[in-house]
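I would like the entire structure built from these sequences, with the hints used as guidance.
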Amino acid sequence: MMKSHVIGTLVAMAAAGLLAAGCQKKPESQPASQPAARQPVAGEPAPAAAGGLVPVEISLPAPLFEGTPKPVDDPQIEKPLGKRRPPFLAPPGTVNLALGRAVTSSDSAPVIGDLEQITDGKKEGTDGGFVELGGGKQWVQIDLGSPCTIYAVAVWHYHKQARAYRRVVVQIAADQDMLSNIRTIYNSDRDNTLGLGVGKDKDYVDTHEGRLMDAGGATGQFVRLYSNGNTANDANHYIEVEVYGKRAP
Amino acid sequence: MEENTMTDGKMNRRTFLAAAAVGAGAVITRPLHGLAQAATAAAGGGAINAAILGAGTQGMVLLRDALAIPGVRFKAVCDIWAYSQKYASGTIRKAGQDAPAVFEDYREMLAGAGKMDLQAVIIATPDWMHAEQAVAAMKAGLHVYCEKEMSQSLAGAGQMVQTARQTGRLCQIGHQRRSNPLYRFALDLIARDKICGRVTTCYGQWNRPVSPASTWPEKFVIPDETLKKYGYADADGKPSMHEFRNWRWYRKYSAGPIADLGSHQIDIFNWFLGAEPAAVLASGGRDFNPSRQWCQDILAVYEYNTKGGSARAFYQVLNSNGYGNYFERFMGEAGTISISEDPARCHLAFEPAGKVPEWMTDVATVAADGQTPFSLVEAFKKRGGPDAEAQLKKNIHRLHLENFFAAVRAGDVKLLTCPPETAYATAAAVLAVNDAVESGAKVQFKPEQFKA
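As given, the protein sequences belong to chains W and V, one line each in that order. Each residue of the first sequence is one higher than the one before, counting from 1 in my numbering. Each residue of the second sequence is one higher than the one before, counting from 1 in my numbering.
In short, the hints are calculated from the structure, not lab data. Backbone N, C-alpha and C define an ideal beta-carbon position, used for all residues, glycine too. Incorrect hints may appear among the rest.
[Stated by the list, open to error] Derived lysine to aspartate or glutamate pairs resembling EDC-like cross-links, with alpha carbons at most 20 Å apart:
hint, chain 1, residue 1, chain 2, residue 2
1, W, 79, V, 98
2, V, 219, W, 234
3, V, 86, W, 234
4, W, 83, W, 209
5, V, 115, V, 98
6, V, 393, W, 234
7, V, 382, V, 369
8, V, 94, W, 107
9, V, 451, V, 435
10, V, 86, W, 116
11, V, 94, W, 234
[Stated by the list, open to error] Some chain W residues well away from chain V (every beta-carbon gap over 10 Å; in silico):
hint, residue
12, 126
13, 137
14, 194
[As the list claims (entries may be wrong)] Which residues of chain V face chain W? A partial, calculated answer using Cβ under 8 Å:
hint, residue
15, 87
16, 94
17, 97
18, 217
19, 305
Written out as structure tokens, the structure is:
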């Protein structure tokens with residue numbers, strides 16, 4: 001039986017304070033049409049409500065540490081934050097739009113796991129909790145069902161052991177072929193291996209907190225996440241993807 | 001035994017990394033092909049048909065690394081857990097090989113070994129099954145790569161040694177540091193070049209944070225009758241998925257953290273000192289999880305009588321605090337070498353009485369422990385031969401598997417870097433720690449205890 005671990009929650013912190021504009025990242029090439037979400041500075045208290053924004057509650061799985069990971073020592077990989085991620089602020093009514101939504105992939109026959117696990121709301125990192133795609137460049141795509149305003153994408157690749165996924169690119173588009181109104185919200189592909197353009201974002205070590213990427217209020221119906229192996233092997237893994245936003249009126 | 005030809009830290013490529021420190025305590029090895037040559041040998045010749053027996057976390061690490069070795073084809077997967085069967089067979093297919101035969105019972109797999117033309121099996125099941133399965137596999141004509149601890153009992157380990165001798169099958173035990181070029185480089189610096197002077201103190205640690213029990217998805221629960229058939233039942237005889245998933249916690253299936261983790265590093269103490277210990281005393285604690293039957297933390301002190309005189313080795317394994325992670329350290333009056341499977345923790349510092357070799361003066365230094373020792377990795381890149389950097393990029397288990405498959409291809413047990421006799425001596429030193437913890441007394445060894 002899969003045990004239900006204690007759910008950690010990113011909750012609002014009481015003190016008021018200004019948000020750091022330097023931590024915000026807007027999608028490329030298109031201004032947000034809705035109030036932008038904001039990511040406060042790590043370690044600084046976030047207001048319960050600032051400019052109409054409220055903290056997004058994200059449930060977290062139990063942290064894991066199994067076996068002996070391959071050493072992760074690469075200047076491309078950002079240093080660990082060393083503390084909990086600060087709350088992410090977004091307009092009231094923001095929800096996980098990806099929950100239960102259809103998932104497609106470049107690898108329609110995963111090594112292990114089923115694609116629907118990626119949006120089933122379960123983030124446990126233990127065996128059985130992840131989907132493994134084949135080696136090299138792979139992607140998964142989530143159809144949100146209708147156009148949405150997206151404030152953040154959160155992804156849990158694999159957190160049973162410390163490892164970093166290579167060339168992570170996350171895009172939002174209006175169509176399933178990713179041709180219309182494409183917005184790139186994260187790109188760590190520094191040598192353009194994926195052919196989607198050179199990115200400047202850092203690689204990072206996955207943890208039970210997952211990675212939250214600021215989408216800045218981009219509009220779109222489809223979210224596609226790319227990767228190209230990881231520091232332990234050339235496979236690509238996904239436990240869960242959450243897309244925080246609101247349905248377009 | 002022929003001497004290597006390295007002088008003043010300079011390695012002859014042909015002699016570097018000689019395999020086969022056959023028998024514990026053999027420090028300087030005869031000039032066999034190095035790991036690079038082993039990789040070439042493993043890639044050459046005909047295909048080797050192999051099976052994976054036990055496809056849990058460690059089994060999957062070995063499977064992936066073995067799949068990267070040209071010519072190694074996996075014809076069979078055996079595991080009692082349907083999840084692992086599916087994961088391993090899917091990985092094999094994704095690697096471009098034919099779908100393997102899948103078994104739940106290893107005896108059925110061995111019965112079909114001839115039909116599948118199996119030549120080798122990689123065993124990564126829980127420790128309590130190693131001896132039974134390795135012995136059966138060798139008797140079925142297969143060469144065996146078996147994870148450490150080779151057995152949770154010395155009796156079982158001894159059976160593996162005897163069966164390897166009787167059948168002529170090769171048996172490599174998974175102390176993979178023995179095939180690691182950086183470790184072999186460090187050994188040569190210590191044992192031959194005497195770069196640390198006389199080593200009198202060793203230290204090793206493997207620290208991990210407190211971790212929760214392993215769980216499982218409901219759809220992959222092993223049926224009770226299957227758990228019971230394969231012995232995964234609690235003290236009351238009730239089938240236990242929890243014990244199957246957390247077998248390292250239980251005395252029935254494991255010898256505890258000192259075998260799981262300490263075995264790797266105590267093996268290095270013996271290897272680098274060229275001796276087995278004369279005595280050990282130890283203490284341990286069970287503080288955080290009462291359902292763990294073994295101490296989560298153990299601290300042990302070994303006493304050695306080496307050719308150079310007495311030496312002491314302090315080892316700790318923690319499952320209560322992960323600070324500092326894992327490494328081994330060798331300290332003499334002239335210098336200190338720290339070595340680890342994590343390259344960032346490998347360095348060399350000199351004492352005032354030490355002398356920096358001329359070739360090392362331009363080797364990069366690193367910040368470590370408040371000092372700036374020389375980088376052992378950079379020293380190896382300079383002196384380890386033209387393929388040094390390529391070797392460092394390989395996964396740590398792949399090198400050991402390459403050595404195994406090269407030896408299988410050559411049909412030469414002497415090529416193995418960790419034959420069962422070597423691992424037996426290590427197991428004798430390791431398993432005694434649990435006795436020392438429970439008795440509270442110093443355990444004295446006799447030399448014959450290290451021979452099977």
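> Can you give the numbers of the hints that this structure goes against, from lowest to highest?
Replying inline: 1, 2, 7, 12, 17 and 19
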